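Asker: Residue strings, one per chain:
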Amino acid sequence: MLFKIVWSKVLHKKLNSLLSILLMVFGIGIISLVLRIGKEAESSLLKNIAGIDLVVGAKGSPLQIILSAVYHADDPTGNIKLAEVNKLKSNPLVKKIIPLAYGDNYQGTRILGSTNLLYDQYKLKISTGRIATSALEVTCGALAARKSGLKLGDSFLSSHGADKEGEKHEDDKYRVVGILERSGTVMDNLLITPLESIWEVHNHKNEIHDQDDEITAALLFFRNPMGLMTLPRLINEQTNMQAALPGIETNRLLKNFGSGIAMARILAILIVILSGISVFISLYNSLKDNRDEAALMLTLGASRSQLYLQAVLEGCILTGLGYVFGILLSKSILFYLNNHLAGNYNLIINWIEIGRDEIYLLILALITGIVAAAIPSINLYKLNISKTLAEE
Amino acid sequence: MPIEIYRMIETQSLKFSYNPHLTFNFPDVKVNQGENLLISGKSGSGKTTLLHLLALLQKPASGKIFLDNTNVELLSKPELNKFRAEKIGLVFQKNYFVKSLNVMDNLLISPYFLKKKADLELIKHKATELRINHLLQKKTYELSGGELQRVSILRTIMNKPSLILADEPTSNLDDENCEHVVQLIQKTAKEANSALIIVTHDQRLKTIFPNQIHLENAF
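Protein sequence lines, in the order shown, are assigned to chains A and B. Residue numbers for the first sequence follow my numbering, beginning at 128 and rising by one. Residue numbers for the second sequence follow my numbering, beginning at 169 and rising by one.
These are computed hints drawn from the structure, not numbers from a lab. From a predicted model like this one, the values you see are computed outputs, not experimental measurements. Treat the hints with caution; some may be incorrect.
List of simulated lysine to any residue pairs, SDA-like, C-alpha gap at most 25 Å [claimed, not checked]:
{"#": "1", "chain 1": "A", "residue 1": "LYS509", "chain 2": "B", "residue 2": "LYS250"}
{"#": "2", "chain 1": "B", "residue 1": "LYS250", "chain 2": "A", "residue 2": "ALA517"}
{"#": "3", "chain 1": "B", "residue 1": "LYS227", "chain 2": "A", "residue 2": "ARG418"}
The task is simple: from the sequences and hints, build the whole structure.
Answerer: Printed below as a string of C-alpha cells:
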C-alpha cells in the first residue's frame, strides 16, 4: 500500500517526475560513462605495456617513442641500428630485447616487423593458419583482419610509411599466412611480419643485409629493477639512441587524459545536483499544494513519520529510476563504442560489468533523493491539521 | 427489548480562545450510541471550532472531552492521532481525497494506516447502497461533487467509528438532495451504531433533528 500510494503520486505528477528522472538519467549516465571509459582506458593502456621495461628508439620525444612502439598510435622518431641495439644484449641486466621495425601499411593498417619473441610477449595465439616466419609473410591481428578484409592466403601490396596514401612498393607482395585470435592488446590491430620483410621491401636495391640493418625501436626487458636505475642513463649518454620508460610516459598520458575526465565528472555531478534540486522543487510544490491531502491522511490515522517516509520514498523512486536508466544509457553507449570505435582507438571496453563505481553512484542517487525529499518534508511536522482543513 | 444506553461522547465546559478578546464558552455536548445531534449557529459562532475540538483536531483551553469513555486529555500526540482515526469518522464540508489514488484505495487508506484489515464486504454492500459501486476504480477527480460526498460518507465507517462528525454536509445541496444526503448519513451512522453530530448553519436541517444545540455568538 505504501508503495502504491507513492507510485500513484509519481504517476500523478507525470511531467515533474519525468523531469527529475531525466536529469538524473543524464547525470548518472555521464558520470558512469566517464568513470568507465577512464578506467578502461587506463587499464587498456597499462595492459598494453605488457611488461615492457624500457623502449629504445632514435633520439626524439620519449612520449613519441612510447606512443609508436608500445601503443602503435604514432610515427617512430626515426631509425636505429640493429647492431647497436644488439650490443645492449651483453649487459647483464638485460634479459630480452624485442626489435621492432616499422615502415609500411596496408590501407592504413600498420605492418610491424619483429621477431617471434613478440608473439610470446603479448601471448598471441593463432586462430587460423600459422605464424609468419619468412620474409613477406604476414600474421594478421584479429581486428586488423576484420578492418582490412584480409583473409588467409591473400596477397597485398604495402604503402610506404604509416600513411594510407603513401607510395606503393610495387615489387614486393605480402602474403597472409595466419590470423591471430583476439588478445585484447594493440597487437589485434596490426599486421605482424618478420623483420626481414621490412628490410627486403625497403632495401631491395642493395640486396646485401649486414650490420647496417635498421629498426625503428626495441623493447627491453630487465632481469631486475636495477636495470631501471642504470640503463636509461647509459643509453642516453653513451649511445645516440633514446631510452623511454613506458610507465612514466603512460602516467604522463593518463594525467593529461585525467584532467579531461575530471572536467566531465564535475559537469555530471552538477547535473546530478540539478536533478536533486528538481526532485526538491517537485516535492516541495506537491507538499505545499497538497497540504490538505497530508492533513486528510493525518486524520485518517497516518502518523507524521509515515507521511515523511512517503515523501522520502518518492524522492528515492525518482532518483532510483533515474539511476537505472542512467546506467542503461551509459551501458548502451559503451556497447556502441565497443562495437564501432574500439578498434580505431585500440581500446577494448568492458561494458557489461557493474563495478564498485556503479554501486557508489546508486548510493549517490539515493542520497540525492533522500536529501531532496527530506528537506521540504520537514514542514510535515509543522502542519496544523485544524488550520489546514478550516481553510477554504 | 431493553435498550442499553451507552454514552459515546461527552464534553464538560469546553473553552477555546484565539486571542484574549475572543473566547468561546461551549455548551456541553452529550450524545449516546445510535443517537443524533445537530449543532447549529451562524458563522462566527464557533461552530467550526467546536467541530475541531470534538474531532480532536484542536485542544481546548479548558474543559474535558470523553470519547468512548476515554478522557482524551490523557492521550499522547501519536496516540491521539490513532485514536481519532479509529473512533471518529469525519465528513468534511470540502471533499478531501488523495487525488492520485482511486476511490477504492481512498477507502482502504485509513485501515492501512491503522494496520487494520479492511471490511471489503462492508464496502461492497455500502457502495451499492450509496450507488457508487461502479466508481470504485475511478480517480476521485473524475467524480461529481455528489458522488464524492457519498464516497466521504462511506469512508467515515471504514474503521467502525464511535462518532461520525459531519461539517456542513448539505450547504451546497438543493432541497431534495439535502434531505437525501442527511438520510444517508443518518442511516449509515445507525447501521454502524455510531453517535452522529452534524454541525451546520443550514436551517433546513432543524426540522429533521430532534436533538439540537444552537450556538450563540461569542463574547
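Asker: Taking only the CA atoms, is the gap from LYS250 (chain B) to ALA517 (chain A) under or equal to 25 Å?
Answerer: Since the Cα atoms of LYS250 (chain B) and ALA517 (chain A) sit roughly 21 Å apart, the hinted pair holds (cutoff 25 Å).
Asker: Is the hinted pair LYS509 (chain A) and LYS250 (chain B) satisfied, with a Cα-Cα distance of at most 25 Å?
Answerer: holds (18 Å)
Asker: Would you check the hint for LYS227 (chain B) and ARG418 (chain A), treating anything up to 25 Å between C-alpha atoms as holding?
Answerer: Since the Cα atoms of LYS227 (chain B) and ARG418 (chain A) sit roughly 21 Å apart, the hinted pair holds (cutoff 25 Å).
Hint compliance for this structure: every hint is met.
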